[in-house]
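With the hints as constraints, model all of the structure from the sequences given.
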Amino acid sequence: FTFEHALLDAGLPIRHIEEEHNVPMYITNIPAASSGHFSGNITVSMRPMTMQQAIKATEITTHFKNVHGTPIHIGNPSEIGIENITNPDFGEPVTIKENEVPVFWGCGVPPQSVAFDAKPELMITHAP
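So the sequence shown is numbered by my numbering: it starts at 37 and just counts up by one.
What the hints contain is simulated information worked out from the structure, not anything from laboratory work. Here the structure is a predicted model, which is why all the values come from computation and not from measurement. It is possible that some hints are incorrect.
[Unchecked claim] Each computed SDA-like pair below joins lysine to any residue, with the alpha-carbon atoms no more than 20 angstroms apart: (1) K101 to D45; (2) K133 to L44; (3) K92 to H109; (4) K92 to D45; (5) K92 to G105; (6) K92 to L48; (7) K92 to I50; (8) K101 to A42; (9) K101 to F39; (10) K101 to L43; (11) K92 to V137; (12) K101 to E55.
[Unchecked claim] Pair ranges (Cβ atoms, derived): (13) H41 to K155: 35 to 41 angstroms; (14) A46 to N135: 14 to 20 angstroms; (15) E134 to P67: 19 to 25 angstroms; (16) E54 to G111: 18 to 24 angstroms; (17) E128 to L158: 27 to 33 angstroms; (18) A46 to P129: 21 to 27 angstroms; (19) S71 to T122: 30 to 36 angstroms; (20) D45 to K133: 19 to 25 angstroms; (21) E134 to P156: 42 to 48 angstroms; (22) E134 to M159: 21 to 27 angstroms; (23) M159 to E55: 27 to 33 angstroms; (24) A151 to N65: 17 to 23 angstroms.
All C-beta atoms, glycine included, are put in the ideal place defined by N, C-alpha and C.
Here it is as structure tokens:
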């Protein structure tokens, strides 16, 4: 992920790296821009942080506007259609500590999930 080195350099935690597995990713209720037969909802990756760390992470990721950019949502996952934070659609769940909030960034998975729904004859993509 393009911005994680910058977050680590600033001393911010990246829980899925600490726990040595893939980042949790969730399909939201936020519609992505559609194009022809392709439509669907935005998928986000999540990193838990304290609110102060989330503010710092937002400041840092403003410099990555051409890739992941700033968080799409900070806080209550149900506000973006995520009903069970411990059960990601892709990746693996991470520990969220008592003083932390989930911080959600846009993710490269939406084209895949949208394409799966469109059922093209051939599709080449990356693994989440």
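Just pull the numbers of the violated hints for me, sorted ascending.
12, 15, 22
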